[in-house]
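Novice: Spelled out from the first residue to the last, the chains are:
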Amino acid sequence: MNILLNNKPEKLFDGSTVKKLLENKNIKNKYYAVEINRKIIPKSDHERYVIKDGDRIEIITAIGGG
Amino acid sequence: MSKLIINKKEYSSRLILGTGKYKDFDETKTAIESSGCEMVTVAIRRMNIGQDDKSKNLLDYVSPDKYTILPNTAGCYTAEDAVRTCELAEELLNGEKLIKLEVLSQSKTLFPNVVETIKAAEILVKKDFKVMVYTTDDPIVAKELEKVGCECVMPLGSSIGSGIGIINEYNIREIIENATVPIIIDAGVGTASDACIAMELGCDGVLMNTAIACAKEPIKMASAMKYAVIAGREALLAGRIVKKQSGSASSPKAGLVTGD
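For the record, the sequence lines run as chains E and W.
Counting the first sequence from 1 gives a position; my numbering is that position plus 289.
Counting the second sequence from 1 gives a position; my numbering is that position plus 993.
Worth flagging that the hints you see were computed from the coordinates, not collected in a lab.
A portion of the hints provided could be inaccurate.
Stated by the list, open to error - Straight-line Cα separation of at most 35 angstroms, DSBU-like style, residue types lysine-lysine; simulated pairs:
(1) Lys1120/W x Lys309/E
(2) Lys317/E x Lys1001/W
(3) Lys1022/W x Lys297/E
(4) Lys332/E x Lys1213/W
(5) Lys308/E x Lys1123/W
(6) Lys317/E x Lys1213/W
(7) Lys308/E x Lys332/E
(8) Lys308/E x Lys1090/W
(9) Lys1209/W x Lys319/E
(10) Lys297/E x Lys1016/W
(11) Lys1022/W x Lys328/E
(12) Lys1119/W x Lys341/E
(13) Lys1016/W x Lys314/E
(14) Lys1022/W x Lys317/E
(15) Lys1090/W x Lys297/E
(16) Lys328/E x Lys1101/W
(17) Lys317/E x Lys1119/W
(18) Lys1014/W x Lys317/E
(19) Lys1119/W x Lys328/E
(20) Lys1049/W x Lys319/E
(21) Lys332/E x Lys1209/W
(22) Lys1022/W x Lys308/E
(23) Lys1001/W x Lys332/E
(24) Lys1049/W x Lys317/E
(25) Lys1112/W x Lys341/E
(26) Lys319/E x Lys1001/W
(27) Lys1120/W x Lys319/E
(28) Lys1016/W x Lys332/E
(29) Lys1059/W x Lys328/E
(30) Lys1120/W x Lys297/E
(31) Lys1014/W x Lys332/E
(32) Lys1049/W x Lys297/E
(33) Lys1059/W x Lys309/E
Predicted, not measured: the structure shown is a model, and the values here were computed from it.
Let the hints inform the model, and build the full structure from the sequences given.
Specialist: Here it is as structure tokens:
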């Protein structure tokens, strides 16, 4: 299936969960948040949340700023 | 010396640092340590996906266990975007509700859009966020933001990153006189005397980034700012003398060897 990850097109296996996506992308930074189609997906739901074709996924973090 | 209280937490330092524009994370960390501050701002952005395992994150250097992390809404131009950013920040920091709200109007002056700022503050307070709000030095707007329920009101000294200092001391004084929440100067500080003046005026704290990060020697400037804030606060509490038109000798006349 096709998704948009941080505004870039990506291909994922059907049935991928948020947890799987984070693992595949090798995200080890513990400070992040996930939003899908403008809705925040809490960390407690990452294991069971199944990504759908066409989802717009944002993974955000904290960077330097004033 | 009285302490600054924000969101029920006591702070010994009245200096808050931004973490942008530093050369690298090591310099960010050392400047923060040198400043003695206990609260730092961070920005919320898309993660750089595809980075290698070794690439570190800012919060690996500036630990939330040690510092109060204040996520900002920098780069937001509408109330809607600012609220969305705050909700992402809350999830990122595992439920922390303290945020710095800034809603800008245009990219040249970076002046706040006060209409959108008030709108965002109302929504965020209803959602139980503890809002430290960046605003203009307009005393009426500052009071409105306090009435809405903001935790702190943070008027600009001058434009973000300008280094001009406090351009309207009279407005800042007026804001402080009318306030029942902490007033923190946010933006415009260029050097230590600007921070000192802010504190002498009666501000509860100063937030700065560029003045330190873009100084020739950021670590030294961070230390200068630490002392400037302490000096300004102590001078305020000590109470300055009244300015006089004429001179007033410090040495007594009595006992003068050249006298009668």
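Novice: Mind checking the alpha carbons of Lys319/E and Lys1001/W for me, to see if they're no more than 35 angstroms apart?
Specialist: holds (26 angstroms)
Novice: Within a Cα-Cα threshold of 35 angstroms, do Lys332/E and Lys1213/W meet the stated pairing?
Specialist: violated (40 angstroms)
Novice: Please verify whether Lys317/E and Lys1119/W have alpha carbons no more than 35 angstroms apart.
Specialist: holds (33 angstroms)
Novice: Hinted pair, alpha-carbon criterion (35 angstroms max): Lys1090/W, Lys297/E. Please report holds or violated.
Specialist: Holds, at roughly 30 angstroms.
Novice: Does Lys328/E sit within 35 angstroms of Lys1059/W, going by the straight-line distance between their CA atoms?
Specialist: With Cα atoms ~30 angstroms apart, Lys1059/W and Lys328/E stay inside 35 angstroms; holds.
Novice: Hint check: Lys317/E vs Lys1213/W, CA-CA at most 35 angstroms. Holds or violated?
Specialist: Given pair Lys317/E, Lys1213/W holds - Cα atoms ~34 angstroms apart, limit 35 angstroms.
Novice: Can you confirm whether the C-alpha distance between Lys1049/W and Lys297/E stays at or below 35 angstroms?
Specialist: Roughly 23 angstroms separates the two Cα atoms, so the pair holds.
Novice: With a cut-off of 35 angstroms on the C-alpha distance, tell me whether Lys308/E and Lys1123/W pass.
Specialist: Roughly 30 angstroms between the alpha carbons, so the hint for Lys308/E and Lys1123/W holds.
Novice: Can you confirm whether the C-alpha distance between Lys1022/W and Lys297/E stays at or below 35 angstroms?
Specialist: Holds, because 32 angstroms separates the two Cα atoms, which is no more than 35 angstroms.
Novice: Within a Cα-Cα threshold of 35 angstroms, do Lys1049/W and Lys319/E meet the stated pairing?
Specialist: holds (11 angstroms)
Novice: So if I understand the rule, the pair passes when the alpha-carbon distance is 35 angstroms or less; does Lys308/E with Lys332/E pass?
Specialist: holds (9 angstroms)
Novice: Can you confirm whether the C-alpha distance between Lys1119/W and Lys341/E stays at or below 35 angstroms?
Specialist: holds (32 angstroms)
Taken one by one, the earlier hints fail for this structure at numbers 4, 21, listed in ascending order.
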